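There are 6 protein chains.
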Amino acid sequence: MERIDGRKTNELRPIRLLTGINRYAEGSVLIEWGETKVLCTASVEEDVPPFLKNSGKGWITAEYAMLPRATQTRKKRDIHRLKLDGRSSEIQRLIGRSLRAACDLSLLGERTITIDCDVLQADGGTRTASVTAGYVALALAVKKLFAEGKLEQYPIRQAIAAVSVGIVQGVPMLDLCYAEDSKADVDMNIIRTDAGGFVELQGTGEGNTFSEQELQQLLDLGKEGTQILFEMQNEALKQANA
Amino acid sequence: MERIDGRKTNELRPIRLLTGINRYAEGSVLIEWGETKVLCTASVEEDVPPFLKNSGKGWITAEYAMLPRATQTRKKRDIHRLKLDGRSSEIQRLIGRSLRAACDLSLLGERTITIDCDVLQADGGTRTASVTAGYVALALAVKKLFAEGKLEQYPIRQAIAAVSVGIVQGVPMLDLCYAEDSKADVDMNIIRTDAGGFVELQGTGEGNTFSEQELQQLLDLGKEGTQILFEMQNEALKQANA
Amino acid sequence: MERIDGRKTNELRPIRLLTGINRYAEGSVLIEWGETKVLCTASVEEDVPPFLKNSGKGWITAEYAMLPRATQTRKKRDIHRLKLDGRSSEIQRLIGRSLRAACDLSLLGERTITIDCDVLQADGGTRTASVTAGYVALALAVKKLFAEGKLEQYPIRQAIAAVSVGIVQGVPMLDLCYAEDSKADVDMNIIRTDAGGFVELQGTGEGNTFSEQELQQLLDLGKEGTQILFEMQNEALKQANA
Amino acid sequence: MERIDGRKTNELRPIRLLTGINRYAEGSVLIEWGETKVLCTASVEEDVPPFLKNSGKGWITAEYAMLPRATQTRKKRDIHRLKLDGRSSEIQRLIGRSLRAACDLSLLGERTITIDCDVLQADGGTRTASVTAGYVALALAVKKLFAEGKLEQYPIRQAIAAVSVGIVQGVPMLDLCYAEDSKADVDMNIIRTDAGGFVELQGTGEGNTFSEQELQQLLDLGKEGTQILFEMQNEALKQANA
Amino acid sequence: MERIDGRKTNELRPIRLLTGINRYAEGSVLIEWGETKVLCTASVEEDVPPFLKNSGKGWITAEYAMLPRATQTRKKRDIHRLKLDGRSSEIQRLIGRSLRAACDLSLLGERTITIDCDVLQADGGTRTASVTAGYVALALAVKKLFAEGKLEQYPIRQAIAAVSVGIVQGVPMLDLCYAEDSKADVDMNIIRTDAGGFVELQGTGEGNTFSEQELQQLLDLGKEGTQILFEMQNEALKQANA
Amino acid sequence: MERIDGRKTNELRPIRLLTGINRYAEGSVLIEWGETKVLCTASVEEDVPPFLKNSGKGWITAEYAMLPRATQTRKKRDIHRLKLDGRSSEIQRLIGRSLRAACDLSLLGERTITIDCDVLQADGGTRTASVTAGYVALALAVKKLFAEGKLEQYPIRQAIAAVSVGIVQGVPMLDLCYAEDSKADVDMNIIRTDAGGFVELQGTGEGNTFSEQELQQLLDLGKEGTQILFEMQNEALKQANA
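For the protein sequence lines, the chains are B, G, V, Z, C and E, in the order given. If you count the first sequence from 1, position 41 lands on 572 in this note's numbering, and the numbers rise without skipping. If you count the second sequence from 1, position 39 lands on 570 in this note's numbering, and the numbers rise without skipping. If you count the third sequence from 1, position 21 lands on 552 in this note's numbering, and the numbers rise without skipping. If you count the fourth sequence from 1, position 20 lands on 551 in this note's numbering, and the numbers rise without skipping. If you count the fifth sequence from 1, position 118 lands on 649 in this note's numbering, and the numbers rise without skipping. If you count the sixth sequence from 1, position 224 lands on 755 in this note's numbering, and the numbers rise without skipping.
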């Protein structure tokens with residue numbers, strides 16, 4: 532089966548990680564993942580949520596939103612409906628949980644790093660793009676804190692990257708674009724660390740269920756994809772520091 | 532390792548499904564799952580969301596909320612914070628997606644079935660209890676519609692049940708209570724059909740990652756657990772119709 | 532005139548007060564009053580609202596809500612309309628005022644007891660059921676505080692119970708169910724203390740007015756009804772302590 | 532006992548009803564009741580709430596709000612707390628219910644009359660002032676509709692007036708000002724029709740209970756007070772038409 | 532060209548400033564400007580917004596709202612739409628900025644003066660009426676603070692007055708009423724100090740643009756109008772102190 | 532006096548208009564104006580607001596928002612405060628009014644064009660950048676409609692551009708960056724058409740007033756600046772069509 536954009540089943544779309552694109556943020560990345568574009572900034576605040584006051588620990592959290600015309604038809608802003616979009620709420624919780632796994636929070640000091648992921652243009656995979664670029668923004672902010680002597684020990688434990696996989700018309704494939712995603716039978720987001728384990732696994736049979744064998748095929752594709760993403764993250768961080 | 536309540540690692544807590552506990556709802560179930568208690572009602576409305584108007588299809592959706600004192604310390608009601616709790620938002624999307632997999636929506640007609648899951652008391656596993664009992668409430672409501680001649684074909688395709696599994700102090704185990712959940716390294720919700728496939732899989736390494744081998748152990752526990760739940764659901768539905 | 536459910540005009544529906552139904556709350560009661568079912572929990576917090584800080588006084592407040600399918604047709608949750616229902620707002624103010632009359636707040640210490648009244652199923656009289664069961668939940672919480680040595684003096688001054696009365700097709704009657712309430716000409720909620728006085732009196736001529744003579748008949752019915760409720764409350768408290 | 536402002540126990544404060552004070556409203560009244568000042572407008576809209584569509588019936592509703600500096604200390608506007616004040620919610624429901632009793636809604640046609648009661652300055656009794664002046668604004672709007680030939684039959688059935696009564700330091704008295712209200716043991720709002728019956732009765736024992744004998748004394752004072760108010764309303768309506 | 536109400540192009544409508552109309556506010560003014568009526572109160576609070584804590588400086592802010600029937604057709608209250616009206620938001624920012632120009636905030640001490648402008652009836656020019664009357668309310672509150680010895684130096688630096696001007700059917704004119712405003716090609720609000728400079732200038736070509744020559748004509752009219760307003764403010768302040 | 536970035540008093544910062552940067556929007560522009568970056572999209576919807584239904588006329592409206600880290604310190608998203616920022620509200624009303632002046636709405640048909648202006652990075656002048664780039668996005672969307680044969684006549688009447696001017700330490704200057712703006716005595720936004728007139732003029736004496744002579748100097752700078760902007764807009768539109 533030919534994929535809609537001619538890719539092989541185990542092939543990622545072209546991906547670019549542009550760092551330093553915001554002059555104020557402690558870390559910033561624009562990720563262009565095929566036609567999906569997400570702007571990620573990491574903001575450091577010398578404060579923690581109430582449940583961590585006087586714990587000596589830090590916090591990492593994420594917020595996710597789409598610009599109104601990130602999608603084919605314009606979507607009303609949350610503020611005009613006075614409700615945080617349910618899908619955004621679900622996604623930003625996933626990003627936050629995933630990125631907390633990157634870092635030993637007890638080494639961060641009582642500060643909060645907020646990763647803002649704003650989708651400028653969406654073509655599938657915005658949550659995995661946000662995690663992947665969000666990690667880079669986070670790492671840049673942490674490196675800056677460390678370079679400024681604000682941290683006694685370097686708190687990043689492992690890199691985190693995410694990719695979507697799915698089964699489309701019976702064929703397991705890596706990195707679904709929107710057109711593929713919208714007709715997928717199974718859709719899974721795989722979030723892994725460069726040390727080799729899973730951080731999050733979210734698989735959904737949309738209009739279908741999936742077997743353990745299919746799960747295995749999807750996990751293999753996900754491992755292959757995240758392996759390449761870890762290299763891209765490394766390269767982006769090296770160039771940012773050069 | 533002894534579990535906190537003396538269970539075996541592959542043992543469910545005592546579970547009861549009490550049907551017909553609401554005199555108005557088309558389907559209703561009170562599930563008592565250990566100390567977790569969730570009231571599920573299925574409400575039929577002869578209307579669909581805008582995106583399904585004139586499609587001939589029906590819709591199934593879910594809402595999830597906790598009573599203020601379902602938890603150890605009282606939690607403010609959402610309406611007083613004017614925000615739907617992010618966790619509730621995530622959970623109710625999961626319940627809705629899972630239960631839609633039970634049913635051929637094109638056979639439901641242009642009507643909506645809303646599954647309300649209100650947690651009276653929480654001790655871990657409220658979302659899996661909601662899916663498991665929600666399926667029974669849904670099935671009761673659909674049976675009622677069918678018995679009233681409102682459906683040409685019976686639209687339920689498969690039963691849906693959910694259970695949590697996790698790794699606590701290195702040991703994979705089935706059905707975590709709150710005390711176990713709060714110290715788990717890995718926490719996974721497994722949602723399966725009685726036909727044998729996965730509907731949803733949501734695994735999170737909380738403070739740790741998990742390997743493929745561990746994933747396999749958790750999936751095996753999940754299959755064992757859901758197998759028992761399908762029998763309980765069957766039994767509850769039989770008695771409700773008797 | 533025969534009442535819709537065969538009761539005498541001065542007869543209450545069957546009422547049950549089940550205490551200890553929530554494992555976390557300091558006091559809890561499920562009241563089943565005919566087909567009306569309300570879950571009441573009393574939660575103690577070691578804090579007071581701003582206007583009582585450093586006053587040495589405590590506070591008692593109430594919140595009232597209905598589950599979406601407590602009624603014949605499903606009602607949207609407040610959080611989705613972003614507005615506390617006006618009727619709920621009125622009712623919870625009444626419950627709070629009434630229960631504060633039970634207690635010498637200056638003996639409670641600077642703590643707040645919140646009575647949550649969540650209606651699981653409604654068939655008329657939910658506000659009077661909430662007050663009646665709310666008093667029992669409150670008394671249980673206060674007894675617990677007293678038993679734990681947190682209060683120097685026992686602060687409960689008197690029991691509080693509430694019942695509805697009304698005039699239906701010209702006949703004054705006690706304890707209206709929903710079917711009676713919806714065709715009543717006059718509807719009155721009577722809240723009394725076991726010491727003999729009125730705490731609150733809320734009478735409404737719905738589609739009609741009422742005379743002083745009718746008022747007297749309604750008050751007499753109310754006294755008769757609350758007398759029985761005080762005994763039930765006593766019994767429930769005795770058994771809870773046994 | 533001398534009252535704080537020298538009045539007799541059965542004496543109303545000086546009251547003025549100024550009609551026609553808003554050039555756009557179908558009916559308008561500024562009531563000055565002692566130092567309490569409330570602006571009431573009646574607005575006619577050719578539409579009814581959803582539950583009355585195609586019923587042929589009309590609707591009367593009320594909204595009540597205080598200007599921020601109507602009170603001794605400035606109060607935040609509702610819109611800045613994003614919540615309708617609970618007290619306002621309770622009061623406007625009372626005003627609406629009371630004024631609906633004035634009118635045969637089935638003669639009003641499918642239109643809504645909204646009575647806006649905005650408190651410019653508060654010194655006790657704002658809700659009874661709102662009902663009393665609200666009736667006049669309503670009557671003016673209905674007269675206008677009738678004069679314009681929009682109503683087949685004149686729908687006002689009876690006048691409605693309201694007054695507060697209370698027990699202060701053991702003495703039953705009519706029309707409490709704020710200083711009296713804030714130290715009252717019992718506080719009651721009496722809403723009557725000029726035909727002689729009660730429309731609403733809301734009595735609260737604030738920090739005390741009340742006996743049937745005390746209730747009788749309060750009702751007598753209320754009857755005396757509303758009798759005078761009916762005359763004032765009549766006079767105001769006559770002058771407005773002159 | 533004859534104006535709609537017979538005025539000359541450089542003629543203001545009849546204006547009255549009634550001070551002391553609220554018994555609680557530190558300063559209060561009812562301005563009647565033709566058929567436009569705005570109630571302005573100045574409230575002093577011994578607190579400042581977070582960004583001024585420990586700065587030694589004070590703050591002046593304004594809130595603007597319309598009663599629902601201030602306009603020809605009833606307008607829903609903001610609280611029922613849960614949104615501050617965009618136009619109100621724009622206007623109250625303008626009033627606040629303008630009145631801060633009247634006062635040396637560093638001489639005010641760490642206190643906030645809130646100017647509430649509530650429009651009782653609108654017939655064009657409500658924002659300029661609010662600024663003009665708001666200045667008088669502010670001055671009265673400041674004089675009171677000064678008289679009470681709470682200020683070391685008198686902080687008012689200059690009077691502030693505002694007037695609208697516009698071009699209607701090609702003719703520049705002063706002080707547009709609503710009927711004129713709604714067919715104006717150009718509409719401008721001019722806010723000046725009695726010391727001779729502009730504080731704010733907001734001109735809008737509604738359905739047309741304007742030239743520099745037209746701008747000059749409008750500024751001249753504005754100067755003429757504000758000159759008269761400064762005298763009225765002076766007179767009102769003198770009488771209030773008398 | 533040397534400007535902070537070495538510019539002459541009548542010199543604009545470097546400006547780039549990048550069109551076609553969003554694949555879904557009918558018109559899109561990224562404007563880079565010094566360090567200020569705003570993403571503008573024009574979205575066409577085949578619908579109009581209620582007040583224009585069946586009028587045959589179209590509508591142009593604008594929304595303005597900042598990403599949380601567009602500024603030096605992170606700013607909470609509006610949705611988390613549940614309030615549209617007052618400044619954003621004021622700005623988006625200005626953008627909408629200005630762009631409506633570009634177009635003969637009666638030639639647009641019953642459709643709405645929404646200009647979304649999202650600030651990626653802010654360094655002063657975001658509202659004037661939004662108007663200037665918003666015009667280009669609007670023109671692109673209108674050209675597309677015209678090319679598709681959906682408009683009988685081309686409805687754009689004139690180009691609209693905006694620039695800020697101000698007086699900093701006594702010196703009138705063009706195009707203030709944030710550092711200049713924050714110490715400016717007078718700040719003015721000038722919005723003009725390429726046909727030569729003013730569309731909007733908003734001048735504010737921040738901590739100072741301004742004279743007519745100063746106003747004239749500012750207007751001259753504004754004319755000089757907008758003249759260059761009209762050329763840039765023309766160039767961008769030509770290249771977009773090439």
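Simulated from the structure, these hints should not be mistaken for laboratory data. Careful, some of the hints might be misleading.
Chain copies aren't distinguished; within one or between two, either way the pair holds.
To be verified - Quick list of in silico lysine-lysine cross-link-like pairs, DSSO-like style, CA-CA up to 30 Å:
| # | residue 1 | residue 2 |
| --- | --- | --- |
| 1 | LYS714 | LYS754 |
| 2 | LYS584 | LYS714 |
| 3 | LYS614 | LYS539 |
| 4 | LYS769 | LYS674 |
| 5 | LYS606 | LYS539 |
| 6 | LYS769 | LYS754 |
| 7 | LYS607 | LYS681 |
| 8 | LYS754 | LYS681 |
In this text, all values refer to a predicted model and were calculated from it rather than measured experimentally.
Outcome of the hint check:
1. Within a single copy, LYS714 and LYS754 get their C-alpha atoms as close as 23 Å, and across copies as close as 28 Å, so both meet the 30 Å cut-off.
2. Taking the closest pair of Cα atoms, LYS584 and LYS714 come within 30 Å of each other only across two copies (21 Å); inside a single copy the shortest separation is 46 Å, beyond that limit.
3. Proximity of LYS614 and LYS539 under a CA criterion of 30 Å is satisfied in neither setting, with 40 Å inside one chain copy and 44 Å between copies.
4. Taking CA atoms no more than 30 Å apart as the test, LYS769 paired with LYS674 passes inside one copy only; the shortest distance there is 12 Å, against 45 Å between copies.
5. In the homo-oligomer, the alpha carbons of LYS606 and LYS539 never lie at most 30 Å apart, since the shortest distance is 32 Å inside one protomer and 43 Å across protomers.
6. For the homomeric pair LYS769 and LYS754, the shortest alpha-carbon distance inside one copy (23 Å) is at most 30 Å, but the shortest distance between copies (45 Å) is not.
7. Taking CA atoms no more than 30 Å apart as the test, LYS607 paired with LYS681 passes between copies only; the shortest distance there is 25 Å, against 41 Å inside one copy.
8. In this assembly of identical chains, LYS754 and LYS681 lie within 30 Å of each other by CA distance neither inside one copy nor across copies; the values are 35 Å within and 48 Å between.
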